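A.B. asks: The chain contents come next:
Protein chains: 2
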Amino acid sequence: MTKQCRILLVDDHALVRDALAERLMREPDLIVAAVAPDAKEALARVADSAPDLILMDIDMPGMLCFEAARRVTESHPAVKIIFLSAFFHDAYIDQALAVRAHGYVTKSESPDVVVSAIREVLSGGAYFSEEVRSRIVVDGSGLRLGAGARSRSATLSRREMEMLRYVAQGWNKKLIALRNNISVKTVDNHISSIMEKLDIHTTVDLVRFAIREGLADA
Amino acid sequence: MTKQCRILLVDDHALVRDALAERLMREPDLIVAAVAPDAKEALARVADSAPDLILMDIDMPGMLCFEAARRVTESHPAVKIIFLSAFFHDAYIDQALAVRAHGYVTKSESPDVVVSAIREVLSGGAYFSEEVRSRIVVDGSGLRLGAGARSRSATLSRREMEMLRYVAQGWNKKLIALRNNISVKTVDNHISSIMEKLDIHTTVDLVRFAIREGLADA
DNA sequence: CGTTCCATAGGGTGTTTACCCCAATTTAGT
DNA sequence: ACTAAATTGGGGTAAACACCCTATGGAACG
Numbered sequence: 000m001t002k003q004c005r006i007l008l009v010d011d012h013a014l015v016r017d018a019l020a021e022r023l024m025r026e027p028d029l030i031v032a033a034v035a036p037d038a039k040e041a042l043a044r045v046a047d048s049a050p051d052l053i054l055m056d057i058d059m060p061g062m063l064c065f066e067a068a069r070r071v072t073e074s075h076p077a078v079k080i081i082f083l084s085a086f087f088h089d090a091y092i093d094q095a096l097a098v099r100a101h102g103y104v105t106k107s108e109s110p111d112v113v114v115s116a117i118r119e120v121l122s123g124g125a126y127f128s129e130e131v132r133s134r135i136v137v138d139g140s141g142l143r144l145g146a147g148a149r150s151r152s153a154t155l156s157r158r159e160m161e162m163l164r165y166v167a168q169g170w171n172k173k174l175i176a177l178r179n180n181i182s183v184k185t186v187d188n189h190i191s192s193i194m195e196k197l198d199i200h201t202t203v204d205l206v207r208f209a210i211r212e213g214l215a216d217a
Numbered sequence: 000m001t002k003q004c005r006i007l008l009v010d011d012h013a014l015v016r017d018a019l020a021e022r023l024m025r026e027p028d029l030i031v032a033a034v035a036p037d038a039k040e041a042l043a044r045v046a047d048s049a050p051d052l053i054l055m056d057i058d059m060p061g062m063l064c065f066e067a068a069r070r071v072t073e074s075h076p077a078v079k080i081i082f083l084s085a086f087f088h089d090a091y092i093d094q095a096l097a098v099r100a101h102g103y104v105t106k107s108e109s110p111d112v113v114v115s116a117i118r119e120v121l122s123g124g125a126y127f128s129e130e131v132r133s134r135i136v137v138d139g140s141g142l143r144l145g146a147g148a149r150s151r152s153a154t155l156s157r158r159e160m161e162m163l164r165y166v167a168q169g170w171n172k173k174l175i176a177l178r179n180n181i182s183v184k185t186v187d188n189h190i191s192s193i194m195e196k197l198d199i200h201t202t203v204d205l206v207r208f209a210i211r212e213g214l215a216d217a
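So the sequence lines, in the order shown, correspond to chains A and B.
For the first sequence, counting from 1, position 6 maps to 5 in numbering that gives the first Met the number 0; every step adds exactly one.
For the second sequence, counting from 1, position 28 maps to 27 in numbering that gives the first Met the number 0; every step adds exactly one.
Just so you know, the hints here were simulated from the structure itself, not pulled from any lab data.
It is possible that part of the hints are untrue.
Copies of the same chain look alike in the list, so a pair counts if it works inside one copy or between any two.
Derived BS3-like pairs (lysine-lysine); straight-line CA-CA distance at most 27 Å [to be verified]: (1) Lys2 - Lys196; (2) Lys173 - Lys39; (3) Lys196 - Lys172; (4) Lys184 - Lys196; (5) Lys173 - Lys196.
Computed from a predicted structure; not experimentally measured.
I would like the entire structure built from these sequences, with the hints used as guidance.
C.D. replies: Below, the structure is given as structure tokens:
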């Protein structure tokens, strides 16, 4: 018989979290060792629940899941991580791959797919839903966002990405300049190059893009 | 023994839909007669699945769930409707009450709460989660959004609400004026009064508000 | 029958944005 | 080492935005 697997399930919606937990517990070899409503709580439960695998929702306020995943892989390298999300934004996939996630399952998949993803990951493999897989390329050092996907937000430089977040937070150029100790002209130049790269020409559409791509909350 | 209840479950995320369906089917008196991934498909399944109750997610692209609910109550007045949502925006509650929904359960509730909400509604009652209930007032003609809640988006006039949606779509004042055959000055006045009512002073924050409140998609 | 809100429209003004030009220094990649 | 990009900063301009004022006709509510 297969060894049992302890799972830490993280989702802010009790409805989803508990329903999925009950589904997972119908599998004899899967044990939901703990559940958590956010990434912070999840970190706190890693030590005492001793999970073999963490199933974590991305769509939680604050977007702290990737930072939490990074910390877990540092302190508990053997723990596998599978992300869940309703979306497959480039920004999400990019960060999931950056923290060396073992899987990314979209919520358009059935619970059965989650179960098979878990088994696949436990046996040393990986599982990425089709929508996600289609944007990934494999190279020497591992998995990366594909060229097609990178043509959008992924081509923004680090500083440009930062500026985009500020804009989407509602900060105007003067405020962004102040808070970053740079010239308003520099902010202007950054935003102009962002707009050129994304072929967006108004602040409003820039904000909508950032929210749609999961770079900022509304 | 209680009569059995046929349920039509509508949610665009298979993960949630199927997991919840399995949970509901553990109750002997509850039958998931059909499931649908969107409001349109749900309408098509009402006739053949003959549900006693429809459990419908609000958070689906297009926001057609309220229109679908309206049509169902017209053609099948006996069918009860409970909405599910991760959010409890004024705009959502307002529309749910407008279509005479029998319940509104937030996704922060456990699946067990959904089950008891269903039973409550079946026995002639109603169920609204606490976050929703706290914004509702009862008057002679039924349920309405409370005064506190109405102090935000609910106090916007019909025309102002319309303008807000245009702004959140990325239209500038000139375009809004053109498409509505009114003066740019009029649009300007509408937007100014919206901003005054909401205590918002930039277009970006207006857009973020509209998206947050479910008045527009990002 | 007045008061209040709504929708319409205009004048005017200072601020902010979008985008054109240019250039220096630093960082990254091949 | 050389090239490309990123990051920084500036001048200038036309458009858009936020907001101040007034004003008229209609609908609503008591």
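A.B. asks: So which hints don't hold here, by number, going up?
C.D. replies: Hint check: 1 and 2 fail, others pass.
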